[in-house]
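Student: Chains S and U supply the protein sequences, listed in that same order.
Be aware that the first sequence starts at 55, since it is given in our numbering, and climbs by one per residue.
Be aware that the second sequence starts at 55, since it is given in our numbering, and climbs by one per residue.
By construction, these hints were calculated from the structure, which means they are not laboratory data.
Please note that the accuracy of each hint is not assured.
Copies of the same chain look alike in the list, so a pair counts if it works inside one copy or between any two.
Unchecked claim - Straight-line alpha carbon distances no greater than 35 angstroms define the calculated DSBU-like cross-link-like pairs of lysine-lysine that follow:
id : residue 1 : residue 2
1  : 237       : 142
2  : 142       : 168
3  : 168       : 132
The lines below spell out each chain.
Number of protein chains: 2
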Amino acid sequence: MRPAKLKRMTQPMDATQLTVDEAIMGRRSIRRFRSEPIPEGVIDRLIDLARHAPSSMDGQPCCFVVIRDRDVVAALVKIKNAHLPPDKQAYPADFITGAAAVVAVCVDSGRAYKRGRESGILAAAYLLLAAHAHGLGGCYLTAYNAEEGSLAAEISELLNLPEEIVPVALVPLGIPAEAAAPKQMRTLSGLVHHDRYDQTIPVGD
Amino acid sequence: MRPAKLKRMTQPMDATQLTVDEAIMGRRSIRRFRSEPIPEGVIDRLIDLARHAPSSMDGQPCCFVVIRDRDVVAALVKIKNAHLPPDKQAYPADFITGAAAVVAVCVDSGRAYKRGRESGILAAAYLLLAAHAHGLGGCYLTAYNAEEGSLAAEISELLNLPEEIVPVALVPLGIPAEAAAPKQMRTLSGLVHHDRYDQTIPVGD
Numbered sequence: 055m056r057p058a059k060l061k062r063m064t065q066p067m068d069a070t071q072l073t074v075d076e077a078i079m080g081r082r083s084i085r086r087f088r089s090e091p092i093p094e095g096v097i098d099r100l101i102d103l104a105r106h107a108p109s110s111m112d113g114q115p116c117c118f119v120v121i122r123d124r125d126v127v128a129a130l131v132k133i134k135n136a137h138l139p140p141d142k143q144a145y146p147a148d149f150i151t152g153a154a155a156v157v158a159v160c161v162d163s164g165r166a167y168k169r170g171r172e173s174g175i176l177a178a179a180y181l182l183l184a185a186h187a188h189g190l191g192g193c194y195l196t197a198y199n200a201e202e203g204s205l206a207a208e209i210s211e212l213l214n215l216p217e218e219i220v221p222v223a224l225v226p227l228g229i230p231a232e233a234a235a236p237k238q239m240r241t242l243s244g245l246v247h248h249d250r251y252d253q254t255i256p257v258g259d
Numbered sequence: 055m056r057p058a059k060l061k062r063m064t065q066p067m068d069a070t071q072l073t074v075d076e077a078i079m080g081r082r083s084i085r086r087f088r089s090e091p092i093p094e095g096v097i098d099r100l101i102d103l104a105r106h107a108p109s110s111m112d113g114q115p116c117c118f119v120v121i122r123d124r125d126v127v128a129a130l131v132k133i134k135n136a137h138l139p140p141d142k143q144a145y146p147a148d149f150i151t152g153a154a155a156v157v158a159v160c161v162d163s164g165r166a167y168k169r170g171r172e173s174g175i176l177a178a179a180y181l182l183l184a185a186h187a188h189g190l191g192g193c194y195l196t197a198y199n200a201e202e203g204s205l206a207a208e209i210s211e212l213l214n215l216p217e218e219i220v221p222v223a224l225v226p227l228g229i230p231a232e233a234a235a236p237k238q239m240r241t242l243s244g245l246v247h248h249d250r251y252d253q254t255i256p257v258g259d
């Protein structure tokens, strides 16, 4: 028996029965995928949703490169792994080769009002949530390093991005092959302050 | 007759009937608010949802300052307006005084794995979408300028943020007093590329 979420993939355009609360609470970062392809039309729908994220001055600066070519994905892995920070060595990017597609969320800096990264990240947030609502899994990988430009530059070169188009995030997508484990959340009361930050509130682990 | 969305606010914890697609497609940036307060418990629920956004290494670095104090909101307006870029002079922040609350999305840089801004922006994206699903309106305002630190520093000082807590976004929230006008979207086909960016695809306005 396939779980209901996967079953709904046979009708991708009707697969949006998850409410916002259900989707946000149920979404997890997924790094293991089944080998089946993503049904026709689903990624276009997800991109259509993602581009509805807010953007500075409604500039709608986002564009999307949907990468299915195995050579391009392999080159992306190589670039990402070469830029893996010391504290993230346990999380190499190899797993994205198992994704049916990797969506590179990019922004046109000419339409971004100097808020391209924010607009791209907001779009990636909606893309990830919509993917979950449509029965797919994925996770967020950054496509730039704020401290130095070579990660973004290498991705730009690989994807033939014109000068004004900059990569912001990489979102591997596929049908999940792992269940979302319950997530241990920090204590909510330690994260909420009123009017000003209150250092007397105990902060949870 | 109040529209259905507002009517549902009398049962905020059941007000999550919007699907992800409906919420993303129906959400707009709202800058005019009714004077009624936000029903008890709704903002806590929205924050609970927002903190479920993905974060680097699951560090869950976000915390939230819920600002209702009129003096603090007035001081925020002053700070934001003093930092208004030349091309955004038509959009001063005065409207946030009409919001029932302004949520400052902040991150603990000690838990952020150098990805604090991304984590904060992802949380703000979910906060905005959840707000819409719960009958509220809001919009995204930045709390930092990547090119110079004084905007974030002034907000940090106003909100008594400790050194390691940095502000990322400001989200005014309230019951909408304006309808979401249909949004003119760019041509989708001009925003989607396959495997590599294709400069021959006509880009819509």
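Student: With reference to the structure, classify each hint as holding or not holding.
Tutor: Do the hints match the structure? See the list:
{"no.": "1", "hint": "237 to 142", "result": "within (20 angstroms within a copy, 40 angstroms between copies)"}
{"no.": "2", "hint": "142 to 168", "result": "both (29 angstroms within a copy, 11 angstroms between copies)"}
{"no.": "3", "hint": "168 to 132", "result": "both (29 angstroms within a copy, 21 angstroms between copies)"}
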